[in-house]
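Chain residues, written in single-letter form:
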Amino acid sequence: MIFILLPFVEMFYASLRPLDHLFRSPYQFYSDDLSFWAYREMWNTVPMLPRYIFNSFFLASVTSIITLLFVIPAAYSYARFKFPFKNSSLYILLAINMFSGAVLLIPLYKVLRTFGLLNTYQAMIVPGVAFLIPTSIWLLKSYFAKIPIDLEEAAFVDGASRIQILRHIIAPLSAPGLVVVGIYAFIGSYAQQFLFAITFNQKKEYMPIPSGLYEFIGYTTVKWNEMMAASLVGIAPVLIIFLFLQKYIVAGLTSGAVKN
Amino acid sequence: MKQKLKSYNAQTYIAYALIAPAAIYIILIVAWPLLETIRLSFTNSSLAGEDYVGLENYQKMFSSKKFNGIVTRTFVWMFFSVSLKLIIGLIGAVLLNANLKGRSIFRVLVMPPWVVPIAIGMLGWLWLYNGYFGIIAGVGMRTGILDGPFGFLAYKQSAFISTIIADVWVGTPMVTVFFLAAMQGVPRDLYEAAYCDGASRWDRFFKITLPQITPVIITMSLLSAIWTFNSFEIIWILTEGGPRGATTTLIIDTYKQALGNYKFGRGAARAVVVMILLMLFAGFYLALLARINKKISHE
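If you're matching them up, the sequences are chains A and B in order. Here the first sequence is numbered in our numbering, starting from 1 and rising by one per residue. Here the second sequence is numbered in our numbering, starting from 1 and rising by one per residue.
Source of the hints: derived by calculation from the structure; they are not laboratory data. Treat each hint with caution, since some may be false.
[As the list claims (entries may be wrong)] Computed list of lysine-lysine pairs in DSSO-like fashion (alpha-carbon distance at most 27 Å, straight line):
hint : chain 1 : residue 1 : chain 2 : residue 2
1    : B       : Lys66     : B       : Lys256
2    : A       : Lys247    : B       : Lys101
3    : B       : Lys256    : A       : Lys110
4    : A       : Lys86     : B       : Lys66
5    : A       : Lys110    : B       : Lys294
The following block holds chain A by itself, in its conformation from the complex:
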């Protein structure tokens, strides 16, 4: 527990202390003038911070919405229909999860360069979606599968069209599942905003929080208290979402990866 939480505690503590207390060696365990000063000052030191935060949210939202658009029909199909290659394609999806983005970077970089898409939002969204699709399909498939097929059949016999069934039966019943998968995709894309972001985008206007802060560490004497404050601000949204919904997310993920 200490091992897991110490870094966060220390990050928070450091963010409260004045810089000249931090820059004392050996480490001082006690500061008497703790304040939230760094949380105000960081907006001046990292002038682009609001933009980074916006970018992070924007990228994560767009990525997760696009992911859902691709995943909903596919997951429904996997949950409801029997067709050739169903199981093998599901396993291929699992296997894709195991490839790190790093092996695909070279061709993707070349393609994005040819189409002039380097240094744009799209450059980070497009590969991001690809890596969220597999797990999302697995997750959502299990939610769809829980909806009794009798309901659909009954409606169908009563003359409802496929679209009507989707709108009036599937959509409302699977709403909790959609929310969980959407949040998974959001947290996932929020978290993966580093590799693709540092590789495909050099423009500050488009940087999400992680790559923005990382770049900031590179070329100045780091004001650690503000750095930690900014990091915590970057962490806060996902942490809050996660704490509220951790039960559902964990249950979904553990059931998906260990058994069918």
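Position chain B against the provided structure of chain A, taking the given hints into account.
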């Protein structure tokens, strides 16, 4: 009516049509780049253009001492990191599964490193590892273990160990959560029967819990081996593969060759090696999963 229902359930073409968008997307963004990487590995592609050079990239790569060192280092790094994750994860899961006060809070509190963007967590670790002002060096100096400032990321061995520790920090929560889920799935009556037979706590763990969750332990060790192998951000932010290559793993080396030096061909050859290794891991994992699922459906 039966006829009508049959037509509702047996429309393969609808099934394919629904999957098609996702499938095409994956083919374009994942499958095609994989093949293109293989092709590029036989060229000297760079920003200037490309020519086919046959196996030259591979010959150079395998004959270089440095590359062989990197492969060995990757596996050593992986071995330590994965074993630590599994051991700590198992202990953690046992503790969280025990009837302790406040365990539900602790169950939530173990998770943050897993959810938080890795890159941001690593900024925190950069500060912890800071040789002059960081808390770890600070504690070391105060207790007299260190006799002066010590940059954990500045020396070969300590950087190697430091990156492993940070990686374990990121990876352990997930392992713990999966083990815990598995332990909660162990049927209660097994424990009750054992309790009646007078089995000790220790016996119950080794004779019931451990065998019951073995499938999960095996799958998790493979999965976390794969993820550890792929780990990029942790090393990149902490050391960028340094000092003097001491923390350069295969993934880091691939990235450096390809996008640090823009030697796409050489980078691609390394990416192919990574791919082959990953496919071996993935094959193991899927075969195992298929076997476990078969077992479950038989029972």
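Going through the hints against the structure:
no., hint, result
1, B:Lys66 - B:Lys256, "holds, 14 Å"
2, A:Lys247 - B:Lys101, "holds, 19 Å"
3, B:Lys256 - A:Lys110, "holds, 16 Å"
4, A:Lys86 - B:Lys66, "violated, 44 Å"
5, A:Lys110 - B:Lys294, "violated, 43 Å"
When held up to the earlier numbered hints, the structure conflicts with 4, 5 and fits the remainder.
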